[in-house]
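Novice: Residue numbers (the working numbering), protein chains in the order written: chain A, 1 to 150; chain B, 1001 to 1770.
To be clear, the hints were calculated from the coordinates, so they are not data collected in a lab. Note that the structure is a prediction, hence the values are computed from the model and not measured. Among the clues, some could well be false.
In silico lysine to aspartate or glutamate, EDC-like type, Cα no more than 16 angstroms apart, as pairs [stated by the list, open to error]: (1) Lys86/A to Asp1222/B; (2) Lys1320/B to Asp1696/B; (3) Lys1336/B to Glu1528/B; (4) Lys1605/B to Glu1615/B; (5) Lys1230/B to Asp79/A; (6) Lys1267/B to Asp113/A; (7) Lys1580/B to Asp1599/B; (8) Lys1479/B to Glu1518/B; (9) Lys1622/B to Asp1647/B; (10) Lys52/A to Asp113/A; (11) Lys1167/B to Asp1209/B; (12) Lys1230/B to Asp81/A; (13) Lys86/A to Asp1225/B; (14) Lys3/A to Glu69/A; (15) Lys1256/B to Asp1315/B.
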Amino acid sequence: MIKVKINGQEQSWDGDPDLPLLWFLRDEAGLTGTKFGCGQALCGACTVIVDKEAVRSCITSINDVAGREITTIEGLHPDGDHPVQKAWRQVNVPQCGFCQAGQIMQAAALLMDNPKPSHDQIREAMSGNICRCGCYQRIENAVHLASTGV
Amino acid sequence: MNFIDNPRKLRGFEKHVKVERVSRRSILKGLGVTGGFVLAAPVMSRPAFAYETGAGKMPHGVVVDPRVFVAVAPDGTVTIVAHRSEMGTGVRTSLPLIVAEEMEADWSKVKVQQAHGDEVKYGNQDTDGSRSTRHYLIPMRQIGASARTMLEQAAAKRWNVPATAVKAVNHEVVHSASGRKLGFGELAADAAKESVPSIEGLKLKDPKDFRYLGKGQVSIVDLHDITTGKARYGADVRLPGMKYAVIARPPVTGGKVTSFDPEAALKVPGVEKVMKVQGWPWPSKFQPLGGVAVIARNTGAAIKGRDALKLVWDDGANGKYDSVAYRKELEEASRKPGLVVRQEGDADAVLKTAAKVVVGEYYLPHLAHVSMEPPVAVADVKGDKAEIWAPVQSPGGTREDVAKTLGIPEGNVTVNVTLLGGGFGRKSKCDFALEAALLSKELGVPVKVQWTREDDIHHDFLHTVSVERIEAGLDKDGKVVAWRHRSVAPTIASTFAAGANHAAAFELGMGLVDMPFEIANISCENPEAAAFTRIGWFRSVSNIPRAFAVQSMVGEIANATGRDQKETLLALIGSPRIVKPNVKDLWNYGEPYDSYPIDTARLRKVVELVADKGEWGRTVPKGHGLGIAVHRSFVSYIATIVEVAVDEKGKLTVPRVDTAIDCGTYVNPERIASQIEGAAIMGLSLAKYGEISFKDGKVEQKNFDGFQVVRIDEAPLVTNVHIVPPASDTPPSGVGEPGVPPFAPALMNAIFAATGKRIRALPIGKQLEA
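Bound conformation, chain A alone (with noise of 0.2 angstroms):
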């Protein structure tokens, strides 16, 4: 059995040890704010924050975060106010939108480790997350404002 605490609370699971998290969170959770892009660690749309570290939860087995904390975007804030969510609308940043759970949470675990960065920090440290629509310009303001305080 293995245990995991997800948003905050205690979650098991007796089943494959080596499923990914994604699945467990999306199919078995019913945690389906995080997304599925690629299974391969390459689009950064399944990101959620393990412990205070940006995790692409498609090549991380359940396994892997057992007796660890799991923030997904429905844990993030309890009324999706953090300050990367409200500049998220602010700027107006989604289109499909499909991506910005991960591209949120990447921002997230961004400020957490750096909480003024530069545009360069900025666009380095999102250029895991694959946006097809092309919001990266309000992306990277988004995560500007969110660090200069929305």
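Dock chain B against chain A, hints included.
Specialist: What follows is chain B alone, placed relative to chain A:
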């Protein structure tokens, strides 16, 4: 094949030719459709709308009926139906916003409800071709005005005053003479009893009184849900007892499974069943490719189970498709005469006597859509009833196809449209929903079919592959006197009809025969090209290779004559005029030519605007270059300037992009800007990396490592969008697609300015490396 101008018309088109030609509308009328006005097209005679659109010619036309689209609750909540699919353009907000504007509803009290796939009820729902605003601005205004009129009539009756004495203002009806007011909610029950006013008698708002339209102050309705993980896409649908399926499809299009061994797959924890999926013979239209499905308790187990399958395939007729060899075939075809599709003067003769001939042969490979959400669908089939949840651009078409595939009446199929995690044309084809329907029927439980990224890239309906060869004959003064453009590419029609090997009219009309330059001798030719994979609509479609070739050629002519790119471009466009290409049945994006002609004054204007705002001719640092391109597509006019920087190692960056767009009357300039910003990214992606290649009939790329797209660290540092303010009554035109085509040629012209290297084959790849 002139009728093939949208996916729906292609679906099973052999059978439906007659239906399309006699117009769906007359059939609907004949059936006595009730519950609304079914219009051939928005009212034409009204001076306020001095234009006509092709909306009425789409399958099922347009429905203008407030009772279908608007509901007012006693608490004042106004519910407005969004009948088009949201894939990132903002249409789920924009169309309801038009209704709210015209009915004087307060947007903060409006709820948007997504329509099921039901075109008899809602009219055409195909969200493609950059059509939604241009086809629905008028109908949505009329729906809003009808609803407002009914509310006003109800209030007038309540107060026993003439209807002309009352006025709806911001969610209430006011009788100014007495100062009385009634909220929309208080009037809801009475208004519902009012008869729907005739369209001809509707009074529409004066645009100067608009609160929302054209302002760009309203955010998309799904913004909060998207940022909190609550927004529901196709993949997010979960039903009790639902099984998860992943399918191994034939690696070569048109192939089939010969044998399979499920044993190892069945040993994977969580895997419950392995079963065959029905496939359709090549060319398979929108039908599934077939293969073997692994059914499991979660997607992860299904994927792992599929990896363990032992499969033997028969590759079928397309097993020899090879992109290197095919490119040579296309190039050879482009060097010989082909089917003439536009002819003015005698380009062949003049090219022989020209003082100088500039030749460009341009290659663009296949492209994959790779929307961030791979295809996915949930189906629940019970007996002769089916319910589908899917991110589809064509809810009505999906409903038709599910019914046909399962052999049940269309009325027994419910298609729930989720948000689309990107579409770009891929999700106009509902093969993934049909797979889910077939599996659910067989298993008797709800089934979700999830495509992996590899599935998406291997089994896409790809953007075509093309060679565009242009020869421009110049006289001794450097004036272009002859133009011969040969376009060779497999056609989308090949996905629907075996042996289709010439471009359909709608493909010819995307940048080939509608070429706007003022040149005395023009010849456009379309040599044959066979297809060996599924070809489909990709955002901007044939405009991508055509604009790339034509606008790169402008740069080449500028270089050959030692003139400025922009001046060369304006000289080629020539005088302000309405272009009348000598083309039989010119396809004009399905729009009447009178309303949407090729207007070179507008084309020139976007060039001038982008040159002005984008500071054309500014001094740039060493290693930088500016390039310009313009293109009319989806009846909009777009010009782009790209500034590129190429370092000594050949690494390319884009410091700045400026784009000017004239899309006529518009609804939400903020979403126009986002579409154009995104188009620059998509344009840069296809220019730098875009290539799907085949070997032994199989796609060589697997995931985002093989088929790369631009990431944030290589995105343009800034993209500025300049929107042409519309003249009054300029018809609305496309926004979703037109931004893409001019980007790549503007970039190539910029690279030439920076480096002296002319890139004629995409992707750029390593071509700039020393």
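Novice: Go through the numbered hints given earlier and state which of them the structure violates, listing their numbers in rising order.
Specialist: 6
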